[in-house]
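Enquirer: Modelling step: build the complete structure from the supplied sequences, incorporating the hints.
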Amino acid sequence: IPVRLQLRNFMSYGEGVPPLVLEGIRLACLSGDNGNGKTAILDAITWSLFDECRAKAKDDVIRLGAPGCAVILEFLVDGVRYKVDRRISRKNTGTTGGGSQWELQVRRDDGSWHPLSGTTQKETQGKIEALL
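To convert, take the position in the sequence shown, counting from 1, and add 79; that gives my numbering.
Simulated from the structure, these hints should not be mistaken for laboratory data.
A portion of the hints provided could be inaccurate.
Below are the BS3-like pairs computed for lysine-lysine, each with C-alpha atoms no more than 25 Å apart in a straight line [claimed, not checked]:
| # | residue 1 | residue 2 |
| --- | --- | --- |
| 1 | K117 | K135 |
| 2 | K137 | K162 |
| 3 | K162 | K201 |
| 4 | K206 | K137 |
| 5 | K162 | K117 |
| 6 | K170 | K135 |
| 7 | K206 | K162 |
| 8 | K170 | K201 |
| 9 | K117 | K137 |
| 10 | K137 | K170 |
| 11 | K117 | K201 |
| 12 | K135 | K201 |
Okay, the calculated beta carbon distance ranges per label pair [stated by the list, open to error]:
| # | residue 1 | residue 2 | range |
| --- | --- | --- | --- |
| 13 | G178 | G144 | 15 to 21 Å |
| 14 | C108 | P194 | 19 to 25 Å |
| 15 | K135 | G190 | 35 to 41 Å |
| 16 | E202 | V156 | 15 to 21 Å |
| 17 | G178 | V100 | 25 to 31 Å |
| 18 | L155 | K135 | 27 to 33 Å |
| 19 | G158 | G95 | 19 to 25 Å |
Idealized CB from N, CA, C, for every residue including glycine.
Expert: Pasting the structure below:
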C-alpha cells in the first residue's frame, strides 16, 4: 500500500514538489488535463520498485535540463513500513558520468530507517520483488 511518494526532477516534476501523502486514503483517483503528470506518478512508482516505466532510455526519466532525478516511495506490506529510494544522474554531466542508486529500507519502531539493500542493484531488486 503506497503511503508517501516524493519526486525530484522525475519526468514532468521539477524541484520542490511537495510529497504526495496517501496515508489513510483507501481509494484515490488521479484526474486532470492531459500533460499534468498523472501517468508520471504511476511511472514513478513502477520505476522505483521495478526499474520499469514508459521511458525508452534510462535518462528519459530525468526532467529536461536537470542533472538527475530521485523518487522516494514509502509503502506498507503487512503493516510494516518500507522505503525505496531510487536516484539516477545523467551521463556526461561533466562529473564521473551517469550513476544510479537504489536503496530498500525498513522503518523501525523508533522511527529510524534500517537498510535492507543488497550489495548490487540486481540483489536489491530481488529483495523488493520477494517483499512484494
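Enquirer: Does each hint fit the structure? Answer for all of them.
Expert: Hints, verified against the model:
Proximity of K117 to K135 is assessed by CA-CA distance (about 18 Å); at most 25 Å being required, the pair is judged to hold. For the suggested pair K137 and K162, the alpha carbons sit about 22 Å apart, so the restraint of at most 25 Å is met. Using a Cα cut-off of 25 Å, the hinted pair K162 and K201 holds, with the two alpha carbons roughly 17 Å apart. A threshold of 25 Å between alpha carbons decides the hint, and for K206 with K137 the separation of about 21 Å falls inside it, so the pair holds.
For the hint pairing K162 with K117, the CA-to-CA distance comes to about 22 Å; that is within 25 Å, so the pair holds. For the proposed pair K170 and K135, the alpha carbon gap of about 15 Å is at most 25 Å, so the pair holds. With a C-alpha separation of about 12 Å, the suggested pairing of K206 with K162 holds against the 25 Å cut-off. Taking the CA atoms of K170 and K201, the gap is about 21 Å. The hint holds against a cut of 25 Å.
For the given pair, K117 sits about 20 Å from K137 by alpha-carbon distance, which is consistent with the 25 Å threshold. Using a Cα cut-off of 25 Å, the hinted pair K137 and K170 holds, with the two alpha carbons roughly 10 Å apart. Restraint check: the Cα-Cα separation between K117 and K201 comes to about 28 Å, which exceeds 25 Å; the hinted pair is violated. Restraint check for K135 and K201: the C-alpha separation of about 20 Å stays at or below 25 Å, so the hint holds.
For the pair G178 and G144, the supplied restraint of 15 to 21 Å holds, since their beta-carbon distance comes to about 18 Å. For C108 and P194, the hinted distance range of 19 to 25 Å is not satisfied, since their beta carbons lie about 34 Å from each other. Taken as a hint, the range 35 to 41 Å holds for the pair K135 and G190, whose Cβ atoms sit roughly 39 Å apart. Between E202 and V156 the beta carbon distance is about 19 Å. The supplied range of 15 to 21 Å therefore holds.
For the pair G178 and V100, the beta carbons lie near 29 Å from each other, so the given range of 25 to 31 Å is met. With their beta carbons about 32 Å apart, L155 and K135 fall inside the hinted range of 27 to 33 Å. Between G158 and G95, the C-beta spacing of about 32 Å breaks the proposed range 19 to 25 Å.
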